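Participant: Here the protein sequences line up with chains A and B, keeping their order. In this text, residue positions in the first sequence follow my numbering: the first is 1, and each later residue adds one. In this text, residue positions in the second sequence follow my numbering: the first is 1001, and each later residue adds one.
Heads up, some of the hints might be wrong.
Here are some chain A residues pointing at chain B (derived, C-beta under 7 Å) [claimed, not checked]:
| # | residue |
| --- | --- |
| 1 | Lys42 |
| 2 | Gly43 |
| 3 | Leu46 |
| 4 | Ile95 |
Keeping only pairs whose Cα atoms sit at most 27 Å apart, straight-line, the calculated BS3-like set for lysine-lysine is [stated by the list, open to error]:
| # | chain 1 | residue 1 | chain 2 | residue 2 |
| --- | --- | --- | --- | --- |
| 5 | A | Lys100 | B | Lys1041 |
| 6 | B | Lys1055 | A | Lys5 |
| 7 | B | Lys1014 | A | Lys100 |
| 8 | A | Lys57 | A | Lys68 |
| 9 | A | Lys42 | B | Lys1064 |
Hint data in this document are derived by calculation from the structure and do not stem from the laboratory. Just so you know, these numbers come straight off a predicted model, no measurement behind them. For glycine and all other residues, C-beta sits at the position ideal for the given N, C-alpha and C.
Residue-level listing of the chains:
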Amino acid sequence: QQQVKQSPQSLIVQKGGISIINCAYENTAFDYFPWYQQFPGKGPALLIAIRPDVSEKKEGRFTISFNKSAKQFSLHIMDSQPGDSATYFCAASIIQGAQKLVFGQGTRLTINP
Amino acid sequence: GAVVSQHPSWVICKSGTSVKIECRSLDFQATTMFWYRQFPKQSLMLMATSNEGSKATYEQGVEKDKFLINHASLTLSTLTVTSAHPEDSSFYICSAPLRLVLEETQYFGPGTRLLVL
């Protein structure tokens, strides 16, 4: 019940295209859903996060779509650029709890020029 | 945003020795910090929660005598890998949560790559 399932495992998108990564969770107590971007040899960096009281959040080219009833959320990267090539992790946690993040398995995104 | 640092960024040691990794929150205080382990091409695996002023809590399957955690102050947590062996070689990452009024963000350190020969 603590798992967060992420797909696809890897994704190749042409420059300028839309990259879409999906995540699903089971624990309905989760109330914080961040996305992290990680480059090789670096720590994860927060990209964007959403709370379950909204269905969508947009920051620049990055958008999170959240479907509470389906217990799913996704990351959309518009106008994907080669610099976006990285591994993306979705995560979930309970803010009022121990604040522990449960991570998805990760998606290796490659943007072809 | 807030900054979390780790030291060293990489370390090579001989089997049987102990290695200490430091995690610091540079511009905010953190009563809780988290330690993760990441193998190549895999996700982050939470090892333990470091609590300032009290004992760390370890995830199931993580040996507390093997991975000693000390949260010495509100800005510093250390992870000591005792009697390191080649299978302990991994990328170790810490994080610290920063809770503001309406949101919380967990900031990660740059990671420490450990290679045990």
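Participant: Each of the hints needs a verdict: does it hold here or not?
Facilitator: A quick look at each hint next to the structure:
no., hint, in the structure
1, Lys42, "holds (6 Å)"
2, Gly43, "holds (4 Å)"
3, Leu46, "holds (6 Å)"
4, Ile95, "holds (5 Å)"
5, A/Lys100 x B/Lys1041, "holds (21 Å)"
6, B/Lys1055 x A/Lys5, "violated (31 Å)"
7, B/Lys1014 x A/Lys100, "violated (32 Å)"
8, A/Lys57 x A/Lys68, "holds (14 Å)"
9, A/Lys42 x B/Lys1064, "holds (26 Å)"
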